[in-house]
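The listed protein sequences correspond, in order, to chains A and B. The numbering of the first sequence is the working numbering, which starts it at 3 and goes up by one. The numbering of the second sequence is the working numbering, which starts it at 3 and goes up by one.
If you are wondering where the hints come from, they were derived from the structure by calculation, not from laboratory data. The reader is advised that the hints may include incorrect statements.
Identical chains blur together in the list; that is why a pair holds if it fits in one copy or across any two.
[Said to hold, decoys possible] The calculated lysine-lysine pairs, modelled on DSS-like cross-linking and capped at a C-alpha distance of 25 Å, are: (1) K344 - K278; (2) K216 - K124; (3) K389 - K124; (4) K216 - K54; (5) K250 - K371.
Number of protein chains: 2
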Amino acid sequence: MSYMQRITATILTIGDELLIGQVIDTNGAWLGQVLNNIGVWVDKRVVVGDTKDGILGALHEATTSSDIIIITGGLGPTQDDLTKPLLNEYFGGKLILHEPSLEIIKGIFERTHRPILPVNIKQAEVPDVCTVLLNSRGTAPGMQFERDGKLYFSLPGVPFEMKGLTETYVLKAIQQKFALGEVLHRTMTTMGLGESFVAQRIADIEDRLPDSIKLAYLPGHQAVRLRLTEVLEPGASSFIDHYFHQIKERLSEILVTDQDISLPECIASLLLKYNKRVTTAESCTGGYLAAQLTALSGASAYIHGSVVSYDNAVKENLLQVPKEVLDTKGAVSEEVVIQMAKQVRILMGADYSMAVSGILGPDGGTDYKPVGTVWIAVASAHEVVTKLCHFRYDRLHNREATSLQAFNLLRKLIEAENPLPEFPG
Amino acid sequence: MSYMQRITATILTIGDELLIGQVIDTNGAWLGQVLNNIGVWVDKRVVVGDTKDGILGALHEATTSSDIIIITGGLGPTQDDLTKPLLNEYFGGKLILHEPSLEIIKGIFERTHRPILPVNIKQAEVPDVCTVLLNSRGTAPGMQFERDGKLYFSLPGVPFEMKGLTETYVLKAIQQKFALGEVLHRTMTTMGLGESFVAQRIADIEDRLPDSIKLAYLPGHQAVRLRLTEVLEPGASSFIDHYFHQIKERLSEILVTDQDISLPECIASLLLKYNKRVTTAESCTGGYLAAQLTALSGASAYIHGSVVSYDNAVKENLLQVPKEVLDTKGAVSEEVVIQMAKQVRILMGADYSMAVSGILGPDGGTDYKPVGTVWIAVASAHEVVTKLCHFRYDRLHNREATSLQAFNLLRKLIEAENPLPEFPG
């Protein structure tokens, strides 16, 4: 792909709880992103349990294949007797007490008014052959080792602590040690066509891509994301925007966003851009739409409130859906979501509203309205647009699909009503 | 740990999007759980990119260490030219068209009124040396191979499809092929003490655990989960409940639940047990509490509706929080959450309510109320209980911490008010 030497990394995660599936690993994805952004190629992620053989085997293997080895987990106070002594032995050091780390640990216990325990003091011990990465966010210090031109980092598994150490020390140490090429990404999201149809539509453009640019499809339930990646040697010209633009033009009618952002982020940026506010009236999604919008920092600029109207009584009392409509059409009907969308927009004094009512399953379906039947309405002061969906997933995937369809319907309405469309086409 | 031969599995995931961190791998955790439940020990999870060398290397390695190799991903219509031919070559077969799979693919395209493409027809091709696992949920058939006493499965990466094939075929094939020991788990959740303090408190019990039982800590931001795992040989007696009970007794005052369930699930089971309903009035969490409760199947029995009152105007108009209180005490205050909790309970006709108002960050903090300041109130017809929290994480972790504290406060109130406490102590 490039004549330049690729700097590669293995992310090695330690923890039985990950193998047994009680915890979902989000550290690996986050590390993959930030490493990739500075031009490091993660070529492998490995999860092993809390066993000496497993960890040593994975460490040996990573050493033969990668320039950088990042180990997360295994440093908690109750696991302390495995990973750290093992690394100490692997790199031929001896454990010594690290005073600055001990100070941090003492401070944490003082702030929480708890007595410090021997296992916590032991967390301040580090191999004398490592560079200590001071962890201001927790009790386990990070460690950096170097051998045969390779860098090794051992970081705690708690995401908040791992991220702090990575941002403060790890990325800088890597950039100092290696001459990294630039890696550029361009990502777009489409909705409305399956992966193979999108691929067919841009096949000729894909055939013309130079070796330095790679196209990947990231299919989801309702959306297909496309990502171009260009590995750029120092001084070389970039062609990624040229091809990205061609693909965008070709897919303009199904294009949702040409940024690497989620649909809620896309809605937030449109609302901020046009200085508008949104609200939601949610039956089956039960607050999930509002929660996604308010999860974003700065949400108070574009959402003031929402109503979860899971039960008909709430639809009737708070959202003025007439009892006759509920009785004759049913809660999952176009009439009901139209009234929910209209009324919540007025109730919350918003410019736009989204309303959903549906049957996400596994129970509650009928022959006439099977599980997966969802009505969506989006409203402005000028119009109401509705959509009927039939999903065939399980409860949580049906909720996710509903959410994506609702956000996309709102996006189209906002773009149609505002003078400067975000996207050409 | 056991004299019985342990049956081990490697989960091998294929996909650049996972290495680059654009997608979080949830398949591995799910597979880890279901395999563990039938007595298979996952000893390694590996993620590699869409490269022949990467996949082959990981496959060789998995073959030397595990009895079962489960491969997910790499079977999408646009990736079809890599993983399947590679497996075909690895197992020495030739690709043939599999008619039943083609029928399913045709059916999917007919239902969505789209023309079938050559790449989709190609998805129905399988190596003639595999057992085809018919995928009723998508276009990529699963494949099962066997060699030298080991089982190999290749499954699509889309979670919904992967789960369907695993439940229908994979688990049964494994149980037929291997004599599996029983693996028992007991999990409890505690809140209020850090991992090392919990460990210290039960150190003597841990020292007495037999070799067949292992204790693991699964620490989180606010909660510490403990898991006992027992590997049971056929005919052997189980001691796991004996030790689990001892630990429960010792930790009774910080025990949240002795089931392997989340806090929202714990709340749901209490509400169902006592036939009560809950509602939420959410400022900073913006619908996240309601969304977690309604994500559970059967939620309509215990939640009828909720209000997101992100802005003061909504707190004032819909939840009757007096303007003077908002002006003098501020939105993040005990007085405000008390009024929110009281009023939303009445508005929604619920037995219990939760209200939260806080500053999750990164902006909005002051010297007097820094980022991480959160007031929580829970109310019943008889009383209101409040709690002031100071979190020091980022926005999403602060939201998660708020949510856990709010659910736990509600749990205590429900248990205190109802005649039959769920837990002893």
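The hints, checked one at a time:
1. K344 - K278: within (16 Å within a copy, 31 Å between copies)
2. K216 - K124: This pair counts as between: shortest inter-copy Cα distance 23 Å, intra-copy 47 Å.
3. K389 - K124: neither (60 Å within a copy, 33 Å between copies)
4. K216 - K54: Between copies, since 16 Å is at most 25 Å while 39 Å is not.
5. K250 - K371: Close neither inside one copy (37 Å) nor across copies (46 Å); limit 25 Å.
This entry does not satisfy hints 3 and 5, going by the numbered hints stated previously.
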